[in-house]
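Chemist: Listed here are the chains, written in short residue letters.
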Amino acid sequence: MSAQGNGKFYLYTRYERFWHWLQAALIIALAATGFEVHGSFTLLGYKRAVTVHSALGITWLVAFAFFVFWVATTGEWKQYVPTTRKMFEVMRYYGYGIFQGQPHPCPKTPDAKHNPLQRLTYLALAAALLPFMMLTGLLYWLYNDWAALGLGGLSLSAVAVAHLLGAFAILAFLVVHVYMTTTGHTPLAHVKAMCTGWEDAEDGKPEDWEKRTA
Amino acid sequence: MRLCKRPLRIWGGLAVVAAVFLIAGPRLLGAAPSDKNADAAPGRQLARSAVTAPGARWTTSDHSKYEALQKDFAKPEEVTAACLSCHQMAGDQIQHTIHWTWICPDCGDGKSMGKYGKTINNFCIAVPSNEPRCTSCHIGYGWKDKKFDFADKNRIDCLVCHDTTHTYQKFPTKAGYPVTEPTLFPEDGKTYLPPDYKKITAKVGRPDRLNCGACHFYGGGGDGVKHGDLDSSMGMPKKSLDVHMDAEGLNFSCQRCHTTKDHQIAGRLYTSPAAPERISLTEADLASKIACESCHGQKPHKNDAKANDHVDKVACQSCHIPEFARVLPTKMTWDWSTAGQMNAEGKPFKKEGPYGKPVYDSKKGDFTWEKNVEPVYYWFNGAMSNMLVTDKVDPTKIVSVNHPAGSPSDGKSRIMPFKRHTGKQPFDPVNATFVIPHLFGPKDSDAYWASFDWKRAVASGMKYVDLPFSGDVGFVETEYFFPITHMVAPKERVVACGECHNAEGRLKGLPGVYVPGRDVHAGVTMVGWGAVAAAVLAVVAHGVGRMVSSSRRKGQ
Chain Z
1 MSAQGNGKFY
11 LYTRYERFWH
21 WLQAALIIAL
31 AATGFEVHGS
41 FTLLGYKRAV
51 TVHSALGITW
61 LVAFAFFVFW
71 VATTGEWKQY
81 VPTTRKMFEV
91 MRYYGYGIFQ
101 GQPHPCPKTP
111 DAKHNPLQRL
121 TYLALAAALL
131 PFMMLTGLLY
141 WLYNDWAALG
151 LGGLSLSAVA
161 VAHLLGAFAI
171 LAFLVVHVYM
181 TTTGHTPLAH
191 VKAMCTGWED
201 AEDGKPEDWE
211 KRTA
Chain E
1 MRLCKRPLRI
11 WGGLAVVAAV
21 FLIAGPRLLG
31 AAPSDKNADA
41 APGRQLARSA
51 VTAPGARWTT
61 SDHSKYEALQ
71 KDFAKPEEVT
81 AACLSCHQMA
91 GDQIQHTIHW
101 TWICPDCGDG
111 KSMGKYGKTI
121 NNFCIAVPSN
131 EPRCTSCHIG
141 YGWKDKKFDF
151 ADKNRIDCLV
161 CHDTTHTYQK
171 FPTKAGYPVT
181 EPTLFPEDGK
191 TYLPPDYKKI
201 TAKVGRPDRL
211 NCGACHFYGG
221 GGDGVKHGDL
231 DSSMGMPKKS
241 LDVHMDAEGL
251 NFSCQRCHTT
261 KDHQIAGRLY
271 TSPAAPERIS
281 LTEADLASKI
291 ACESCHGQKP
301 HKNDAKANDH
311 VDKVACQSCH
321 IPEFARVLPT
331 KMTWDWSTAG
341 QMNAEGKPFK
351 KEGPYGKPVY
361 DSKKGDFTWE
371 KNVEPVYYWF
381 NGAMSNMLVT
391 DKVDPTKIVS
401 VNHPAGSPSD
411 GKSRIMPFKR
421 HTGKQPFDPV
431 NATFVIPHLF
441 GPKDSDAYWA
451 SFDWKRAVAS
461 GMKYVDLPFS
471 GDVGFVETEY
481 FFPITHMVAP
491 KERVVACGEC
501 HNAEGRLKGL
511 PGVYVPGRDV
521 HAGVTMVGWG
531 AVAAAVLAVV
541 AHGVGRMVSS
551 SRRKGQ
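These protein sequences, in sequence, are chains Z and E.
Numbering of the first sequence is given in our numbering, commencing with residue 1 and proceeding in unit increments.
Numbering of the second sequence is given in our numbering, commencing with residue 1 and proceeding in unit increments.
Hints were generated in silico from the structure; no laboratory data involved.
Just so you know, nobody snuck in bad clues.
Listed next, with one range per pair, are the computed distances between beta-carbon atoms:
| id | chain 1 | residue 1 | chain 2 | residue 2 | range |
| --- | --- | --- | --- | --- | --- |
| 1 | Z | 152 | E | 541 | 46 to 52 Å |
| 2 | Z | 110 | E | 548 | 30 to 36 Å |
| 3 | E | 526 | Z | 45 | 24 to 30 Å |
| 4 | E | 527 | Z | 128 | 17 to 23 Å |
| 5 | E | 430 | Z | 147 | 51 to 57 Å |
| 6 | Z | 158 | E | 490 | 34 to 40 Å |
Just so we're clear, the structure is a prediction, and the values are computed from it rather than from any experiment.
We put the beta carbon where it would ideally sit given N, CA and C, even for glycine.
Please model the entire structure based on the sequences and the hints provided.
Modeler: Right under this line is the structure:
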């Protein structure tokens, strides 16, 4: 996990970085306004919090469609295919090796961005949790049209509690995710990479199976 | 640091964000262009022109020129006879109104509901046996006991509603009659003058707010006692008190909404809703009762889709009447059980409290008055359920003498604001029924205000209505509700969203609806924050571990 090696390499494309930070901003703003609507605190005032939350939610929905398009057309989806290979090594690394100064078992390259733990987490996020939040949020937003949409049997309370549970899950993810950015060879190395696109090269190379095949 | 060193590349991204906002923004954040025409909502336009168009209120007759009115009337019944000599159908019409009979004709058995039926309240409780005092607000002359002849058309009081000079007054204790010579009424310290019938009949016309208000502002025997949203401040209100009746603005009369046909005035609230359907004037311009929606439509808010989304569950009044009694105080509690105390001289007395209003009266007990009162909220289908004097009373609970009818699941009810008046009133603890006390009567009679003896007063009242009475008098806690529908405030003063979307807000405890911000799923919330806290603890522990192990390695 030293900084030597062969310098830097371009890991995150421009759209990818833009998408990451846009989504980060949206999620943080949605969480802030969402928890205000939930009654956790007062910041914008209830009415404005609702207005802003709805606007951001719909914005996110539209922006997410671009992400899906990008993932599908660039083949990046292959980076999210889950695997159990090396899973144990990664878990062992974060649970033990990282305290011993050992190198990460899965060095990053443009063809293999995600270790098995990341693959699983980001897949769960992008394919399950975020769509779940969009779906429950959209339903919540369309509450007054439920009867017209043939959804009259839905319970607002159930939709609200589902949306709330998802929000806590995202919040918990956010805490861990932000912390994990500090596990690079310097605490800000990963954040820097997500801004500039250039990651510092690490020792070692991924195995062939880890690479995305174009 | 190379953090975010290529700002130009961001612009492409920002363009995408802008595009997204352009697509999603307008519906969410502001007015869609088509909303410009919303002000031209036809119902609203019609209503406005009906009151403001030139010549909107006009007549084809000058009553000062009618022969039948060219005489010196000695008695008010003579005035009525003169009125009916031209208005032949008016007498019959009046006799079919609840204003005349004080009985709701379409409720239950057609005998029990109404002021002169078996319904009671927790103010002066009931009319029977107290007629001469109560019937000063009857549109008739001489209803002093149950022998009153309802068939006698000449006993109809035309003037109390149709006097536009506002000089005509009925004396508070003369069974609906005005005085024949100047008379002081000691209770309000006012001297009542005999009406100048010639002057008044020369100027009769359609009733205005002051005519209706002569009784409806003073229900319960004083200004603002009963309703909370009706008191003398509504005679000539400012816009800040009521946007529609604003004397210098729209200046609506009562009948603008309380549509009147054949002297039947829409708006009575007993077992059936005053407005069976909330329909637009553009659908039915002869709707029997004008509701908010009749003019404002089903999507009344121009630039606020979310507010329009509330109209299926929330009555307009709930947000647009933030408080009632905004100018004058209204009575909020009345405890009859403390009545009967005497002062040092052994005489009944009154004690004045805040707002210059009595807080104790030996005849009536303790009162409290309040101003700017926040309503209570209930599901309401437009009708009230009333207990009858004969209904069983459970003295261990607060008994609802009347209660808003409706439920969250009937598809018709909406959340409506109410004034809740609480009190303690006499009841029969042996028979477990309410009682009708005989309150008003001459000196040395059984009336409570003469004898200050509850047993005598109740025995006399119950005998008068021919109902059983055990002889024992207890006091039971009761509540009584009035729908709040007047005193519609300007839109700047509307109830803010957070006042209901709040665990401790106005809708606290209202069942049958999930209110975001109020119903916070305490258990789920606790588990959720617990999970987030666990994540924080885990990463902090991990981080500390890394720091410790790293410095230990460096030390080696």
